[in-house]
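Undergrad: With chain A held as given, fit chains B and C onto it using these hints.
Protein chains in written order, with this note's numbering: chain A, 1 to 181; chain B, 1001 to 1347; chain C, 2001 to 2166.
Treat the hints with care, since some could be wrong.
Unchecked claim - Keeping only pairs whose Cα atoms sit at most 27 Å apart, straight-line, the calculated DSS-like set for lysine-lysine is:
1) A:50 x B:1038
2) A:21 x A:9
3) A:21 x A:42
4) A:132 x A:97
5) B:1038 x A:51
6) A:164 x A:97
7) A:21 x C:2164
8) A:29 x B:1038
9) A:108 x A:155
10) A:132 x A:155
11) B:1070 x B:1149
12) A:42 x A:97
13) C:2094 x C:2028
14) A:9 x A:29
15) A:164 x A:132
16) A:42 x B:1038
17) A:132 x A:108
18) B:1149 x C:2028
19) A:36 x A:50
20) A:36 x B:1038
21) A:97 x A:108
Bear in mind the hints are in silico, worked out from the structure with no lab data behind them.
Chain by chain, the residues:
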Amino acid sequence: MQTLTNRAKPVDRRPMTFMEKMYIPAIAKGMGITLKHLFQRKATVSFPEKKRQFSPVFRGLHVLNRDEEGRERCTACGLCAVACPAEAITMEAAERKPGEEHLYREEKYAARYEINMLRCIFCGFCEEACPKDAVYMSETFAPAMYQRKSFIYGKQDLLIPNPKTHLPVNNFRPKKYNSQT
Amino acid sequence: MTLLSIDWFFLIEKILLISGVLVLSLVVAMYSTWGERKVAAWIQDRLGPNRAGPMGLLQPLADGGKLFFKEEIIPTHSNRFLFILGPSIAMMVACMTSAVIPWADTMTIAGRQISLQVADVNIGILFIFGVVSMGVYGIMIGGWASNNKYSLLASVRAASQIISYELPMGLALIALLMLTGTLSLKEIVEQQRHDLWNVVYQPLGFFIFLICAFAECNRTPFDLPEAENELNGGYHLEYSSMKLGFFLFAEYINMFISSALMATMYFGGYAYPYMDKLGLSENMLALTGFLALFIKTLLFIFLFMWVRWTIPRFRYDQLMRLGWRVLIPLALANMLITGALVLFRHH
Amino acid sequence: MGMSTQQIIFMVLSLVALVSALGVVLSKNPVTSVLCLIVTFFAIAGHYVMLNAQFLAVVHIIVYAGAIMVLFLYVMMLMNLNSEIEPQKRNWLKYAGAVSGGALLVVLVAALRDASVPALSESSVEIGLIHNLGKLLFTQYVVPFEVSSILFLSAMVGAVVIGKKD
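Isolated chain A (complex conformation) (with noise of 0.2 Å):
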């Protein structure tokens, strides 16, 4: 049979000889590699005291965005919800009564928007369909909860702070985990 690469290495049958059968320097040579791995650097991360560090195209848990005034700036076009591949996010649109200009940047928005965290698989079309810029992915992975209905993030759990109310931006901390840099 044709290999597929050169690393392959064809097992070894002919019959052990003396030194092999004594078993002893295959274990001591055992014992010297556990011994090194004794010094060796851990892999473990102490996890909340340290963190591993996100690479730069992580995508963690959504969040819907603002503008600049503190307006919401999903539309409700449903672009998302058609990417979805895994059909984690649902909405219903409502229309922009008169005197709420200062919170919705269209006429058209989301009164309702929900993502499915256990639906979702993070695959960032969402992210990537959306014309206003409104979904983004953070870096930050859904914390364990108790119960499936948990985990249905809806637009208060998704909406970044209020700019003009709150403290800026980068301060925003996700539902319910409160440790994430």
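TA: Structure of chains B and C alone, referenced to chain A:
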């Protein structure tokens, strides 16, 4: 009869010593569980327990507490008395061996000569053998009383393993006894204090003893009796709560005691090189001697762990073949050669 | 002062030995019988220690309690003995047992009537220690010792022959 008339100071001193030795073995066994997990973790490039206390040092307490609060289950149709007797025997036997180990030389406190050995019986090594051969009852009774086929089979396997490895262990020791000419552990240590360590004269004997000690303690690569991942835990399958804890704990005490024994018989015990040339007082000598023995023992315990996380488990037929076809002939040959050399030296 | 410590220990050991020996005979469960027998062996080992024969005591424990009884227990546990499958004992067996037991009693009484307990000589106090025992075994009793070793050898050969036959 002076043999049995009671000297009260002597009695108090012995009781204190016995409690001290028991506490020492229990604490060492407790922290061996911690050490085992740390060594396992380090060998596997992990950190190991580090949440309970600094460096995870309170982990054994947490584990013990957990075991105490677990539900206590005694299977129906099992023999209740024997079910409880099993782990009790295992624990008791594990604690008994420490009686004849000389932990240090004599100390003089308030004008009294105090021997840091619970009992310097003139048959010290045979006593250990007697006690070790009792150890198998804990496993057998526990396995049988569980009223479970798997426990029974595992206990049968364990019993045959322990009986098989007792033989080469004894033969290896006989060679040592020929060399030293005494059964008293104290005298064996004193001989090594003024001479080279016994391991120099008995390298093969030591190696056989080491392998058998692994087998007697049910440690990897001989941990078939309790192979967690293929026998569901072996003879203690039906045990829960602290009764399970006793079985597990007995293993660690056994490990500590057999490490101390190996250090005593082959590595000079409380004797260390140049100990008589340092010009220390008697009490300091005893103290440093105890430290030396303790360090040697800890090194052996580390060896036990190091091997456990390196070598995979033997298959059962391999285990038996190693015991009967390799170790016993080797031990016999070692005995013969030693005997011939001892004779040669006498003439 | 009624009894010396030694006498008290002797009494206790004898009591333990007798009770556990009765337990061996009277117990319904064979595993309990074996365990009682082990206790008996320990009590007897205690008697050996009282006689200053520590070597014999330990060897007694190693050989009987540690090796032979383990094998007994081994077999008992694997046989799955319980009351349901126990065969019915015939009546004549009970009568035969009673008769032979009575005969044994008569013989024992007759033997004990004539027996006198010889006092221990001073030199024999140390005989149970390993040094003296070894010396005696290899000088005065060397022939029986070697003969018994041949017996063991033949037993070993027999075991190997049986083990090889498959």
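Undergrad: Assess, step by step, whether the Cα of residue 2094 (chain C) is no farther than 27 Å from the Cα of residue 2028 (chain C), and give holds or violated.
TA: Distance ~16 Å between residue 2094 (chain C) and residue 2028 (chain C) Cα, so the pair holds.
Undergrad: Against the 27 Å threshold, does the CA-CA distance of residue 29 (chain A) and residue 1038 (chain B) hold or violate the hint?
TA: 22 Å, holds
Undergrad: Regarding the pair residue 132 (chain A) and residue 108 (chain A), is the alpha-carbon distance no greater than 27 Å?
TA: With a Cα-Cα distance of about 12 Å, the restraint between residue 132 (chain A) and residue 108 (chain A) holds, given a limit of 27 Å.
Undergrad: Taking 27 Å as the top limit, are the C-alpha atoms of residue 1038 (chain B) and residue 51 (chain A) close enough?
TA: 22 Å, holds
Undergrad: Is the Cα-Cα distance between residue 97 (chain A) and residue 108 (chain A) 27 Å or less?
TA: 9 Å, holds
Undergrad: Given the hinted pair residue 9 (chain A) and residue 29 (chain A), is their alpha-carbon gap at most 27 Å?
TA: 20 Å, holds
Undergrad: Residue 1070 (chain B) and residue 1149 (chain B): Cα distance at most 27 Å?
TA: 24 Å, holds
Undergrad: Please verify whether residue 164 (chain A) and residue 97 (chain A) have alpha carbons no more than 27 Å apart.
TA: Holds, at about 21 Å.
Undergrad: Regarding the pair residue 108 (chain A) and residue 155 (chain A), is the alpha-carbon distance no greater than 27 Å?
TA: Since the Cα atoms of residue 108 (chain A) and residue 155 (chain A) sit roughly 15 Å apart, the hinted pair holds (cutoff 27 Å).
Undergrad: Are the Cα positions of residue 42 (chain A) and residue 97 (chain A) separated by 27 Å at most?
TA: 59 Å, violated
Undergrad: Assess, step by step, whether the Cα of residue 50 (chain A) is no farther than 27 Å from the Cα of residue 1038 (chain B), and give holds or violated.
TA: Distance of about 20 Å is within 27 Å: holds.
Undergrad: Given the hinted pair residue 21 (chain A) and residue 9 (chain A), is their alpha-carbon gap at most 27 Å?
TA: Judged against 27 Å, a Cα distance of about 22 Å means the pair holds.
Consistency note: the structure conflicts with the earlier hints numbered 3, 12.
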